[in-house]
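Q: Now for the letters of each chain:
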Amino acid sequence: MTYKGSAHKFGDNVNTDDIIAAKYLNTTNRCELASRCMEHIDKDFAKKVKPGDIIVSGRNFGCGSSREHAPIAIKAAGVSCVIAESFARIFARNSINIGLPIAESKEAAQRIRKGDLVRVDTKTGIIRNLTREESYRFEKYPPFMQRIIRAGGLIESLRRRVKRGKEGSRRGDKGKEG
Amino acid sequence: MGYTITEKILLKHTGLKSIRPGEFIDAKIDLCLGNDITAPFAIEEFEKLGVKKVFDRKKVVLVPDHFAPAKDMKSANQCKVLADFARKYNIKNYFEVGRMGIEHALLPEMGLVLPGDLVIGADSHTCTYGALGAFSTGIGSTDLAAAMAAGECWLKVPESMKFVFFGKLNKWVGGKDLILHLIGDIGVDGARYMAMEFCGETIENLPMDDRLTMCNMAIEAGAKNGIIAPDKVTLRYVKGIKNKPRPGIGKYYSSDKDASFAAVKEYDAKKIFPLVACPSLPSNVKPVKALKDVPLDQVVIGSCTNGRISDLEIAARVLRGKKVSAGVRLIVIPATQKIYLEAVKMGLARIFVEAGGVFSTPTCGPCLGGHMGILAEGERAIATTNRNFVGRMGHPNSEVYLSNPAVAAASAVKGRIAHPDEVL
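The listed protein sequences derive, respectively, from chains A and B.
Quick note: the first sequence, position 46, residue 46 per the working numbering, numbers continuous.
Basically the working numbering = 1-based index in the second sequence + 178.
Worth flagging that the hints you see were computed from the coordinates, not collected in a lab.
Computed from a predicted model, the values in this text were never measured in an experiment.
So, partial list: chain A residues that the calculated Cβ filter (under 10 Å) puts toward chain B:
(1) Ala22
(2) Lys23
(3) Arg59
(4) Asn60
(5) Gly64
(6) Ser66
(7) Ala88
From the three backbone atoms N, C-alpha and C, an ideal C-beta is built for every residue, glycine too.
Okay, chain A solo, but in the shape it has when bound (with noise of 0.2 Å):
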């Protein structure tokens, strides 16, 4: 899959509050959530963000709460893919789970400015910089996040599971967060 859009770029430790407060968590609407995405660090992001963009941040983005409502509001705002140069646990298992894409590189979460248009391929595992005319690699996914990622989210995942009844063990991948 391929993802393209400008850019918007953040911080370090960009955290769970920083991305919807937990005073806007009393609904499930995404829309809501969308509203108040990153309402605490950029009052106006909700406003200015167009589908596709995309967001560039620094080390350890998504930290703190387990708020699924912090990829949702996200995804719902129509950011298309998350790059950082790292993620903290929780919010990168969430993001597979409900099938937002993230791209953890070093590179690419210093070289891409604001407003530069980017392009993330998740196949190749390259981020393209048609602004400066730059590509960054990052980490593939590893294939039991594929599974879960073609099948579109876990939820999906499972239920596909639950059909065709349990597949044999998952030993032998390694790879990113969990």
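With chain A fixed as given, assemble chain B onto it according to the hints.
A: Below, chain B alone, put in the same frame as chain A:
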């Protein structure tokens, strides 16, 4: 090569003969947990699966604690989603207001978690139960939905880091200061994806409440879980639980001598004094004595980190016969109904109220800027909670400092961040 305690517990919950860090596993769970913020999403997803029942009605725990007692109509609807689900699927461990508490104080207290268990919870502070020698970690709502249906969770076996504490604790120093010191040292992503194992003579002598505080904040260093090998303190704690829902005392694992650790860190407890984490990261740690003129508007004593009976006892010891400084709001929140009642019986509630503070029903409330003490623009609080991110307790231009209960109580008396020695 031997195994760490974390690896042993994970291995025990798979059908595999061996495991290694970095490997993905499907682990059988002993318990899964959701609250009024995370469970509604999980329930939506669960219903999509089309299964007729949860995997085990005794192993699903639902606790409305974050915005409960419901702070507004939307929160009331979220709480109702939990109550309705519990009724529909005959969930045994649904805890209604009046019989509940903050989840991470409630579950150990009820005996729902035992040593050797594998617990997942849709709340990042689920790592608290590592204090009992269990593997427990925070996951998301979709994970919870899958776990409620299948009784399993996908996990990556984490590498382990060992944190050895030696020496006696200084006066007014507790588990909170040890963990703040550690996070100050390694940073908020210093243990990202790792298992943090706490050990050494200081930990062996540490009471269970302090151990729970330490493991609770493992997530603030980015860790997957915090864990302390169960010992005599654990056994005494587990045996002391009345009317346990499960028989037995759990399984007592410990790390092998030749287990592999990604890093080993040592800390001399004698060099650790009462600490404060300044805005806006838990790693921004300074000694209380280095902060002289930080005036306060609010003091919060409570939360899954420091809302247990020993925390309230320490705070009451500082506040006994004293008055909360004019212009400061002191909000004391016992973490569970049981702790609430104990605090009443012991006369602690009276001390807080006579000092000019409020004594609240259990709730996560102000810790996450939910209710029961939201900060206005420009206001500043010290809290015994776990996070001090921008706007965590209210307005984006408000500030939160984190400390132990003794420092928080002394600060309430002085109206500024203060050391307990300044009050007693």
